[in-house]
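Here are the chains, one letter per residue:
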Amino acid sequence: MDLKSLKDLMRFVEKSQFVEFEYKDDEIHIMLKKKEAFVGDNIVTQAPQPVAVETREQKQQLDKEVVEERMGEKKEKGAKEGLVEIKSPMVATFYRAPSPTSSPYVEVGDEVKKGATLCILEAMKIMNELEAEFPCKIEQILVKNGQKVEFDQPLFLVKRLD
Amino acid sequence: MDLKSLKDLMRFVEKSQFVEFEYKDDEIHIMLKKKEAFVGDNIVTQAPQPVAVETREQKQQLDKEVVEERMGEKKEKGAKEGLVEIKSPMVATFYRAPSPTSSPYVEVGDEVKKGATLCILEAMKIMNELEAEFPCKIEQILVKNGQKVEFDQPLFLVKRLD
Amino acid sequence: MFKKILIANRGEIAVRVIRAAKELGIQTVAVYSTEDKDSMHVKLADEAICIGPAEAKKSYLHLFNIAQAIANSGCDAVHPGYGFLSENPNFVRICDDLGVEFIGPDAETMERLADKAKVKAILDENGIPTVPGSSGSIDDESSLIEVANRIGYPLLLKASWGGGGKGMRVVRKESELIDSYRAAKLEAKASFGRDDIYIEKFIEHPRHIEVQIIADEFGNIVHIGERDCTLQRRHQKLLEESPSPVLKEYTRKKLHHTAVEAAKVLGYKNAGTMEFLFDGEDFYFIEINTRIQVEHPVSEMCFGIDLIKEQINVSAGYELSFMQSALKPEFHVIECRINAEDPDKFYPFPGTIEGLYIPGGPGVRVDTAVACGTKISPYYDSMIAKLIVRGNSREEARKRMLRCLDEFVIEGVKTTIPFFQRLLTTNDFINNNYDTNFIDKKFLGST
Amino acid sequence: MFKKILIANRGEIAVRVIRAAKELGIQTVAVYSTEDKDSMHVKLADEAICIGPAEAKKSYLHLFNIAQAIANSGCDAVHPGYGFLSENPNFVRICDDLGVEFIGPDAETMERLADKAKVKAILDENGIPTVPGSSGSIDDESSLIEVANRIGYPLLLKASWGGGGKGMRVVRKESELIDSYRAAKLEAKASFGRDDIYIEKFIEHPRHIEVQIIADEFGNIVHIGERDCTLQRRHQKLLEESPSPVLKEYTRKKLHHTAVEAAKVLGYKNAGTMEFLFDGEDFYFIEINTRIQVEHPVSEMCFGIDLIKEQINVSAGYELSFMQSALKPEFHVIECRINAEDPDKFYPFPGTIEGLYIPGGPGVRVDTAVACGTKISPYYDSMIAKLIVRGNSREEARKRMLRCLDEFVIEGVKTTIPFFQRLLTTNDFINNNYDTNFIDKKFLGST
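Chains as they are written, first to last, in our numbering: chain A, 1 to 162; chain B, 1 to 162; chain C, 1 to 447; chain D, 1 to 447.
Honestly, the hints are just simulated from the structure, not real lab data.
Calculated lysine-lysine pairs in the BS3-like style (CA-CA distance at most 27 Å, straight line): (1) Lys173/D / Lys201/D; (2) Lys148/A / Lys37/C; (3) Lys43/C / Lys148/A; (4) Lys345/C / Lys399/C; (5) Lys442/D / Lys166/D; (6) Lys37/D / Lys57/D; (7) Lys125/A / Lys4/C; (8) Lys399/D / Lys309/C; (9) Lys148/B / Lys58/D; (10) Lys7/A / Lys35/B; (11) Lys269/C / Lys118/C; (12) Lys399/D / Lys3/C; (13) Lys58/D / Lys125/B; (14) Lys237/D / Lys201/D; (15) Lys35/B / Lys24/A; (16) Lys137/A / Lys87/A; (17) Lys15/A / Lys33/B; (18) Lys375/D / Lys43/C; (19) Lys125/B / Lys87/B; (20) Lys58/D / Lys114/B; (21) Lys173/D / Lys189/D; (22) Lys399/D / Lys442/D; (23) Lys4/C / Lys144/A; (24) Lys57/D / Lys148/B; (25) Lys4/A / Lys15/B; (26) Lys57/D / Lys87/B; (27) Lys399/C / Lys309/D; (28) Lys24/B / Lys15/A; (29) Lys125/B / Lys4/D; (30) Lys58/C / Lys144/A; (31) Lys33/B / Lys24/A; (32) Lys58/D / Lys37/D; (33) Lys441/C / Lys345/C; (34) Lys328/C / Lys269/C.
Beyond 10 Å from chain A on every Cβ pair, some chain B residues (computed): (35) Asn128; (36) Leu142; (37) Asn145; (38) Lys148.
Virtual Cβ for every residue (Gly too), placed ideally from N, Cα, C.
Bound-form chain A, shown alone:
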């Protein structure tokens, strides 16, 4: 980055509402904070504030990477193309269809509406239907039919359509 671009950037930030701006490379890491970001912290009284917040952010970042490695997925791609993961909200067994003879709720390439059933999560003999929280296109199904899944495990990679 040359001096000119840098000054340019600074002028831009200066005029903005942001009171804090960070930018890293490669590959990217941006953080922007408005004044309100700090006011919020103040209101939350008990927690060890600003540093902790940052730490948690870093940690989440790290965690995500770990999970991704664990899950064997390529998040960078996903993130860049605006894809989103739909994760399991419980420990369960994953089923793509309501019964062994039925056809799956969704297939890769399907576009589904908000509220559409995506799969069954069976836990303690209870069949829980997982519904789409937003309209989306199924890009990838990340677990197999009948697979045991843990909390927070990514099940679908989707593109939001809203």
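Since chain A is already given, all that's left is putting chains B, C and D on it; use the hints.
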């Protein structure tokens, strides 16, 4: 970044609203903070975090001081002004003069030739004369007469005259 | 023997159970919250299942998710550790339903023993000493005198419907009894609207002493000596030792015997702890803990045994690997709980461990789940390590503990290490001159 | 008791001595090379004196600088650790001259016992078994037969002036004796120009077993059991255990008795080790080590004592704190020496410790001077930690050791951990089926 660009940048920041600015390379890392970014910190009173950060800084500072004290050196200064330390080549007792009634071999400000005796290092009842390995000017005597010294302990801070 | 154990816990106790299981050749399954993804118990276990977000009630206390994790893992036994679900009979029943062994007492026993009044009544009936008192309110002065004489002085008069110290009177001799009773009645009436008063023995300087017991399915019940846990801060144990430095040999034997008797009377199985108060002469049962305890390594180190392995053995239907007669206390053992807390004010101090040197050498054991770089989460208990040392005498153990506290380097969070350094050099500690109120009075009163 | 001890060593043994001194309330002085400026023994000691540059011969072996450090420090005792100056009688004399106590035997004893032939002769005279052999060359065939019959088969014929296996013959029975002798003579003549031949008992599958002893100034000499150090790589011990799994109870008692007798005969004081070879039936004295050894924690953990404290006590003129009759081995103990080495080829692997998790839990001791961030210098010994575990049986200890090796995380340098993981799971280790050549043959031969 050359000096001119740097000065330029400094002027720029000086005039800006930013109260904190960081820039790293390579490859890049920028951070800009406005005054408002800190208001939060100040208001959050109870949280233990910021204190901890300070403590750590203090501790590092302390460590550095301890090391310096141990070595009896003022490295930053010394290094900047092109001064050199003459260190003890053995564990010994340091004497500035050949006998209690004699005058010291050297005083601060003296210019000595290569081979001149600087002090006596007594070890196991043997009096070892420490000679100057190069012509120099005595800037500081770092240990006291009769002091016990360890290997590598700086004894004199001198300016080389060759 | 079990093939695979799921550990329904986190932190050092999860690590402790994994260690025992590994040594027995049993596979291990860790469960963890998203917050604990990188923690030691997850790394050490053969498998790990995420069971929820950071908040304990949505993960480590979440029966539903843990139950499904048990089902998914294919384990055949569950170790609950301490805290969390370890004393929840419903969790035991879920394990039963899932056909896996819960390593601990059965659900019925756990439930039954949670009713403290009932336990007290059963033990009373069977001649096990509990804190003596009237079995209900005292209605007239003649029965007051009679009961008072039976219990002995000093006494505590308490308002049956009261609380918070109101209507409470310490009576040190008989001549004060009637006046105090009348005053207490008046005060109770004024404060609570009812003047019912009951009596309890007043234990002025109680020591908290507990006896570790373990029982198998073959009727063997043994004790593993006692632990003196008198040093507490607001009822939280900070330092434990064994043997107790205040028990005479005769009393010690009686205490051990009583604890085993109590376990028999209560029909207890697996590892448990009988807690007593000791007033300098007599001891009184207060409660039973139906799980392994934080301070179990004190007994392990004192007797050279492995309580977790025994728990697993016993649950798997094996006989205890030792008999009472084979158990001899070899050492004096002291444990300090190293918490990530401000050492003066004791509030939790979460953060990241940036530098770590763990003390070693002869007679030293450190149970911890932290390593360099570990994050101490604000969501869970602040205990980050248990430092346990043995010596051939209490004084050798004390000096070794001080040596270890001095060696222990934990950078990045404040810990209770400086507190213990002060505590262990006080004359009161050296001379055993303290009761359960000591730390609250001497250390918290002053700051 | 001493006021201040200078530790003329570095690494884990310096840390070990500092720990003992601290627990005894004695001040400590570390010495260090410039390379070791940030090392653990410097941090833990009360004072530290730099004694030279990285090279050991200019620092830790530099008598002159260490002597002056002793003088400058004002200490009243010196602990030499093991290695470096620990068996140098001149160093002991320097301590004497400076008026400080050397913690170990006196200079005269140390010097006398360094002459192995002389020690062997003295012990022979006193009925202590050493490796049997002819006292010089054998000149004729009739005396050959006579000596051979006295020693017993198998025998080793060796060239008196030879080396490297030339002129060496193993003789398994009398019928082969004369032919082998003649062949050996011819070979010796051809190789070395002289045909003198001597005989020694051939110990085919030797186990290396040593006995720890300690003696005070009051005539008390006790043994602390034996250590089996058979597992060596090119004569360097890698794994030690106690009790030895190959000794029968009768032989064990005889061995202990013999070691104490030898110490008496040799007039030994302080801690020392009697090393023996064991051929499955008989044992033979080979040498005495006049210092504390690397593997001393094995005995400490087995018997629940503190050898360094005892050394200090004895040197300060106190009586031993225990009697022979009070010493009972409580556990089976195994020690693995964790070296910063390539685990296949065993060459040193210096570097920086970037990640570290030290195993813990019941029955585990780790003696180390490394922490997260410590630099492992190429200048010194590659041993970075001693991992010692106990169990109620050898099998429990073995499993615990495997559990600990699995837990032990050392990042940044290669270590011998994977080697031990392989070693401890071989059938040969489990079944005690090995001798001192085992690792060289089975592990080094194959890579």
